[in-house]
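Engineer: What follows is the residue order along each chain.
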Amino acid sequence: MKNRVRLDLYVQEGYSRGRSGLIVLLWWLVQSTAFRWSLQPMYAWRNWLLKLFGAEIGIGVKVRPTATITYPWKVKIGEHSWIGDHAELYSLDSITIGNHCVVSQNGYLCTGSHDASDPQFSLIVNPIRIEDGAWLASDVFVYPGVTVGVMAVVAARSTVLRDVPTNEVHAGTPAKYIKHRFETMEEEVPQRTKLHLLKR
Amino acid sequence: MKNRVRLDLYVQEGYSRGRSGLIVLLWWLVQSTAFRWSLQPMYAWRNWLLKLFGAEIGIGVKVRPTATITYPWKVKIGEHSWIGDHAELYSLDSITIGNHCVVSQNGYLCTGSHDASDPQFSLIVNPIRIEDGAWLASDVFVYPGVTVGVMAVVAARSTVLRDVPTNEVHAGTPAKYIKHRFETMEEEVPQRTKLHLLKR
Amino acid sequence: MKNRVRLDLYVQEGYSRGRSGLIVLLWWLVQSTAFRWSLQPMYAWRNWLLKLFGAEIGIGVKVRPTATITYPWKVKIGEHSWIGDHAELYSLDSITIGNHCVVSQNGYLCTGSHDASDPQFSLIVNPIRIEDGAWLASDVFVYPGVTVGVMAVVAARSTVLRDVPTNEVHAGTPAKYIKHRFETMEEEVPQRTKLHLLKR
Chain A
1115 MKNRVRLDLY
1125 VQEGYSRGRS
1135 GLIVLLWWLV
1145 QSTAFRWSLQ
1155 PMYAWRNWLL
1165 KLFGAEIGIG
1175 VKVRPTATIT
1185 YPWKVKIGEH
1195 SWIGDHAELY
1205 SLDSITIGNH
1215 CVVSQNGYLC
1225 TGSHDASDPQ
1235 FSLIVNPIRI
1245 EDGAWLASDV
1255 FVYPGVTVGV
1265 MAVVAARSTV
1275 LRDVPTNEVH
1285 AGTPAKYIKH
1295 RFETMEEEVP
1305 QRTKLHLLKR
Chain B
1115 MKNRVRLDLY
1125 VQEGYSRGRS
1135 GLIVLLWWLV
1145 QSTAFRWSLQ
1155 PMYAWRNWLL
1165 KLFGAEIGIG
1175 VKVRPTATIT
1185 YPWKVKIGEH
1195 SWIGDHAELY
1205 SLDSITIGNH
1215 CVVSQNGYLC
1225 TGSHDASDPQ
1235 FSLIVNPIRI
1245 EDGAWLASDV
1255 FVYPGVTVGV
1265 MAVVAARSTV
1275 LRDVPTNEVH
1285 AGTPAKYIKH
1295 RFETMEEEVP
1305 QRTKLHLLKR
Chain C
1115 MKNRVRLDLY
1125 VQEGYSRGRS
1135 GLIVLLWWLV
1145 QSTAFRWSLQ
1155 PMYAWRNWLL
1165 KLFGAEIGIG
1175 VKVRPTATIT
1185 YPWKVKIGEH
1195 SWIGDHAELY
1205 SLDSITIGNH
1215 CVVSQNGYLC
1225 TGSHDASDPQ
1235 FSLIVNPIRI
1245 EDGAWLASDV
1255 FVYPGVTVGV
1265 MAVVAARSTV
1275 LRDVPTNEVH
1285 AGTPAKYIKH
1295 RFETMEEEVP
1305 QRTKLHLLKR
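Chains as they are written, first to last, in the working numbering: chain A, 1115 to 1314; chain B, 1115 to 1314; chain C, 1115 to 1314.
Excised from the complex, chain A in its bound form (with noise of 0.2 Å):
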């Protein structure tokens, strides 16, 4: 069977990175110097450097040295959210992170992919949306398109192709259900709270 594959015709039309070739340039020196050199506790340079390429960061954020943010302008993250150690945001499409999330070492949510039936290869780009409270554990592989939603948690080494729905934990390639991460509502709420909850 004779290829048909042509990546000498491949164009990304219709794409845009929203930023000039040499803003994306500019930023890959920054990540790789100024970003990356910076001391583990310096997390307030580093949401500076983010922020100053159009990132929005909340406050009490802490991205490591070695995380990847491929362009920040697509990227926004909530107040007190944990990005760990080689945690690749590769943010071809926008990649949304809640509050108090956290996407450990080695984590990678790729926002990217390619249209295998078209002989011309074209990008196809997805956004990945990350919920409150939600947790991927170490070296998670995101697929594009992904919600993980409102306190989920995938566990160690797990890729997920579907959206991960509130509160459940997923593991595996592809990740699956597993259990419930939070039993009931009902432990460390005060009465008045859960009233209020029930009313809701």
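Don't take each hint at face value.
In this list, chains with the same sequence are indistinguishable; a pair is considered to hold if it fits within one copy or across any two.
In the SDA-like style, the derived pairs of lysine to any residue whose C-alpha atoms are separated by at most 25 Å in a straight line are [claimed, not checked]:
#1 Lys1176 / Leu1136
#2 Lys1190 / Pro1155
#3 Lys1293 / Leu1275
#4 Lys1293 / Leu1166
#5 Lys1290 / Tyr1129
#6 Lys1290 / Ser1231
#7 Lys1116 / Lys1165
#8 Lys1290 / Gly1226
#9 Lys1293 / Thr1180
#10 Lys1165 / Gly1135
#11 Lys1116 / Lys1290
Since the hints were made in silico from the structure, they are not lab data.
Position chains B and C relative to chain A; hints supplied.
Structural biologist: For chains B and C alone, coordinates are given in the frame of chain A:
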């Protein structure tokens, strides 16, 4: 049960890296400096360095600066193929990549292993072959001796233990058949060409 | 469902890194310079650096320059063992590696996790133990608390969630039993030695 493994008796008898230790060292120095620190669009420069160290590289090949090629003199890449960021061609044995192939970011082509049944842990190497138009998506791991056929696709984060036949899409760990890539040859093929194909 | 996770209340109560923040920082600086930039054959130099920072390292140990050891003072490696390129000993808790062991390239020994059922996300650490003659092939991920038994083998790209018994070969994610490594103790064992073994 007492340990029988004796790594102090390990020797790479019968194996050759293909160049002297000095050349190997020199390549690693070049790769971690002139190669790695080059700007992303400098594909021609990196191809030149690879060819200088014995690789066969076709026209239009795009190797990212963070890709790692262990021994370039054991690597052959056809025309218009891409090697992504942080992909590694661990070429203890030969790695042959055809035309219009993609090894996406973080891919790992592993030609080396060890004989686990040998207390001296002897080295085993086996060539890897990626045929025309094949695509290894992000973070795919390929075992020694594997051939990925013409236009075959391996989904992101998969582990390839066995050959992937022509035009098939495989996924998972270990990677298994999912579907065919191009359903028919009909579409986009003008009548004249189709007749020509049928006659072959 | 409203998020209950509160990373702003995170504290590592009861956990000690084992050295002052200054020593930790100093090690990371040494590791990313004098250690990482050393030439591959300079195993003695890297062993010396590891021992300087409190690691116990036996004779003949070979740690590659790109390997990462988080806290050397929590790491113990026996004689003639190998730690491959880009392997990481994430030693928040103790990592004990026996004699004649191999942790191949890109392996990850993860002693740290978090209590997902605790809204304050408390740190959980558990030691990892790799016993004599065991081999973790390329890109194996080991969960906290796991023991890999004497001469056990874990196939490339596997994820180890549970203990691997002596002399067993496990593979996959999660890693499962495949076969025994050394079928019998008969071969290569001279009669005198065999009797000796039986008498023990």
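Engineer: Against this structure, judge whether each hint is valid.
Structural biologist: We went through each hint and held it up to the structure:
Taking the shortest Cα distances, Lys1176 and Leu1136 sit within 25 Å of each other only across copies (20 Å), while inside one copy they are farther apart (27 Å). For the homomeric pair Lys1190 and Pro1155, the shortest alpha-carbon distance inside one copy (21 Å) is at most 25 Å, but the shortest distance between copies (28 Å) is not. With identical chains, the CA atoms of Lys1293 and Leu1275 are at most 25 Å apart both within one copy (18 Å) and between copies (17 Å). Taking the shortest Cα distances, Lys1293 and Leu1166 never come within 25 Å of each other, neither inside one copy (40 Å) nor across copies (45 Å).
Neither within a single protomer nor between protomers do Lys1290 and Tyr1129 lie at most 25 Å apart by alpha-carbon distance, with minima of 32 Å and 32 Å respectively. For a Cα distance limit of 25 Å, the shortest separation of Lys1290 from Ser1231 across copies, 19 Å, qualifies, whereas the shortest one inside one copy, 27 Å, does not. Taking the shortest Cα distances, Lys1116 and Lys1165 never come within 25 Å of each other, neither inside one copy (49 Å) nor across copies (28 Å). In this assembly of identical chains, the alpha carbons of Lys1290 and Gly1226 lie at most 25 Å apart whether taken from the same copy (22 Å) or from different copies (23 Å).
Proximity of Lys1293 to Thr1180 under the C-alpha cut-off of 25 Å is found in neither arrangement, the shortest distances being 32 Å within a copy and 37 Å between copies. For the identical chains of this complex, Lys1165 and Gly1135 are intra-copy neighbours only, at 18 Å inside a copy versus 28 Å across copies, given an alpha-carbon limit of 25 Å. Proximity of Lys1116 to Lys1290 under the C-alpha cut-off of 25 Å is restricted to the inter-copy arrangement: shortest distance 23 Å between copies versus 38 Å within a copy.
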